[in-house]
Amino acid sequence: MELGKYGLAERDLVANMNFFSKVIVDDSGAMTLVPGHSRKGDALDLRFEMDCIVVLHTGPHPLARGSRYAPADVLLQAYRSAPAGANDPCRTRCPENDRGYLNTERYVAA
Amino acid sequence: MGVVRAGQLFRIVDLEGNQAVDTLFYNAGDTHEHYSAQGTIQAQGNIYLTTGSTLLSNRGRPMLQIVADTCGRHDTLGGACSAESNTVRYALEKRHMHSCRDSFLLALAKAGRDMSKRDLPSNINFFMNVPVTPAGGLTFADGISAAGRYVELRAVMDILVLISNCPQLNNPCNAYNPTPVRVLSRSS
Numbered sequence: 001m002e003l004g005k006y007g008l009a010e011r012d013l014v015a016n017m018n019f020f021s022k023v024i025v026d027d028s029g030a031m032t033l034v035p036g037h038s039r040k041g042d043a044l045d046l047r048f049e050m051d052c053i054v055v056l057h058t059g060p061h062p063l064a065r066g067s068r069y070a071p072a073d074v075l076l077q078a079y080r081s082a083p084a085g086a087n088d089p090c091r092t093r094c095p096e097n098d099r100g101y102l103n104t105e106r107y108v109a110a
Numbered sequence: 001m002g003v004v005r006a007g008q009l010f011r012i013v014d015l016e017g018n019q020a021v022d023t024l025f026y027n028a029g030d031t032h033e034h035y036s037a038q039g040t041i042q043a044q045g046n047i048y049l050t051t052g053s054t055l056l057s058n059r060g061r062p063m064l065q066i067v068a069d070t071c072g073r074h075d076t077l078g079g080a081c082s083a084e085s086n087t088v089r090y091a092l093e094k095r096h097m098h099s100c101r102d103s104f105l106l107a108l109a110k111a112g113r114d115m116s117k118r119d120l121p122s123n124i125n126f127f128m129n130v131p132v133t134p135a136g137g138l139t140f141a142d143g144i145s146a147a148g149r150y151v152e153l154r155a156v157m158d159i160l161v162l163i164s165n166c167p168q169l170n171n172p173c174n175a176y177n178p179t180p181v182r183v184l185s186r187s188s
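Those protein sequence lines, which keep their order, are chains C and G.
Mapping of the first sequence onto the working numbering: position 27 corresponds to residue 27, and the numbering continues sequentially without gaps.
Mapping of the second sequence onto the working numbering: position 139 corresponds to residue 139, and the numbering continues sequentially without gaps.
Wrong hints could be hidden among the right ones.
What the hints assert, rightly or not - Chain C regions said to be covered by chain G (calculated; three or more residues, Cβ under 8 angstroms):
{"hint": "1", "segment": "6 to 13"}
{"hint": "2", "segment": "22 to 30"}
{"hint": "3", "segment": "37 to 47"}
As the list claims (entries may be wrong) - The following label-pair restraints were derived from C-beta to C-beta distances:
{"hint": "4", "chain 1": "C", "residue 1": "Leu13", "chain 2": "G", "residue 2": "Leu106", "range": "23 to 31 angstroms"}
{"hint": "5", "chain 1": "C", "residue 1": "Asp12", "chain 2": "G", "residue 2": "Ala107", "range": "45 to 53 angstroms"}
{"hint": "6", "chain 1": "C", "residue 1": "Gly85", "chain 2": "G", "residue 2": "Leu184", "range": "51 to 59 angstroms"}
{"hint": "7", "chain 1": "G", "residue 1": "Pro172", "chain 2": "C", "residue 2": "Arg106", "range": "37 to 45 angstroms"}
{"hint": "8", "chain 1": "G", "residue 1": "Leu138", "chain 2": "C", "residue 2": "Tyr79", "range": "31 to 39 angstroms"}
{"hint": "9", "chain 1": "C", "residue 1": "Leu56", "chain 2": "G", "residue 2": "Gly45", "range": "20 to 28 angstroms"}
{"hint": "10", "chain 1": "G", "residue 1": "Leu184", "chain 2": "C", "residue 2": "Tyr79", "range": "51 to 59 angstroms"}
{"hint": "11", "chain 1": "C", "residue 1": "Asp98", "chain 2": "G", "residue 2": "Pro172", "range": "30 to 38 angstroms"}
{"hint": "12", "chain 1": "C", "residue 1": "Leu13", "chain 2": "G", "residue 2": "Thr51", "range": "26 to 34 angstroms"}
{"hint": "13", "chain 1": "G", "residue 1": "Gly2", "chain 2": "C", "residue 2": "Gly4", "range": "38 to 46 angstroms"}
{"hint": "14", "chain 1": "C", "residue 1": "Met1", "chain 2": "G", "residue 2": "Ala107", "range": "29 to 37 angstroms"}
{"hint": "15", "chain 1": "C", "residue 1": "Cys52", "chain 2": "G", "residue 2": "Thr51", "range": "36 to 44 angstroms"}
{"hint": "16", "chain 1": "C", "residue 1": "Leu56", "chain 2": "G", "residue 2": "Ala43", "range": "17 to 25 angstroms"}
{"hint": "17", "chain 1": "C", "residue 1": "Leu13", "chain 2": "G", "residue 2": "Asn177", "range": "34 to 42 angstroms"}
The hints are simulated quantities; they were obtained by calculation from the structure and are not laboratory data.
Cβ atoms here follow ideal geometry from the backbone N, Cα and C, with glycine treated the same way.
The whole structure should be built from the sequences, with the hints applied where relevant.
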């Protein structure tokens, strides 16, 4: 519904990320949701390298088997960050990331 | 691209072995309904497709069932290669090598159905072997398929099929050597 307010629709719902959830896969391909993976106060910092529309939904993981529907509170904070420098760990982690940053810089500069 | 009618059988044959066949399925009568990797994987609790797998749509409806599979398993996570990912995964100057996303977009542009890049969700890679490590890594390994292996599906609704027979030369998903596949459909 929220996507509709930005002119996006059903076909724009692609495979999403599930932050704070961990699913492991065994050799046969079977998936298991790891219980108790994230703890109170755990946090994730995302730096935006381009303008983005962010859509968030809190709720039980699709593989969760609890008996009570009880989505917990999440705190969202936004703050300004410096751009990724030449030695930024995200950039230097692997050559693929470095090329990705080059692509973004060219896109933003255009 | 082609249409398979509800009830028909649809077979893809890996003629020479270890070819990756990037495939998307749509409701032929309403292409906003499409194969959902997430929905399919969630419902079966497993990341691999093989005999017995039901392919679900983004509306939670069965689209096709895999009724035969002589390869063993097929990939749901590897996605489609693209000119853009060529620049990231290999080298900036490899942008213009052939890729599945370009093949998909060319087919959609010719189809006359008002479909575009918005209609390219996570695809299936038939015959492709992408094991997942305990740490969550994807490994693009040599395939487990062989010449003559096939996968056969039964359509539950009228299906628009979009295939890119992967032309990628830079990784072992098709043994660095793209080869032809045969696509067959028949009434059951």
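Hint check against the structure, violated hint numbers in rising order:
As far as the earlier hints go, 3, 5, 7, 11, 13 are violated by this structure, in ascending order.
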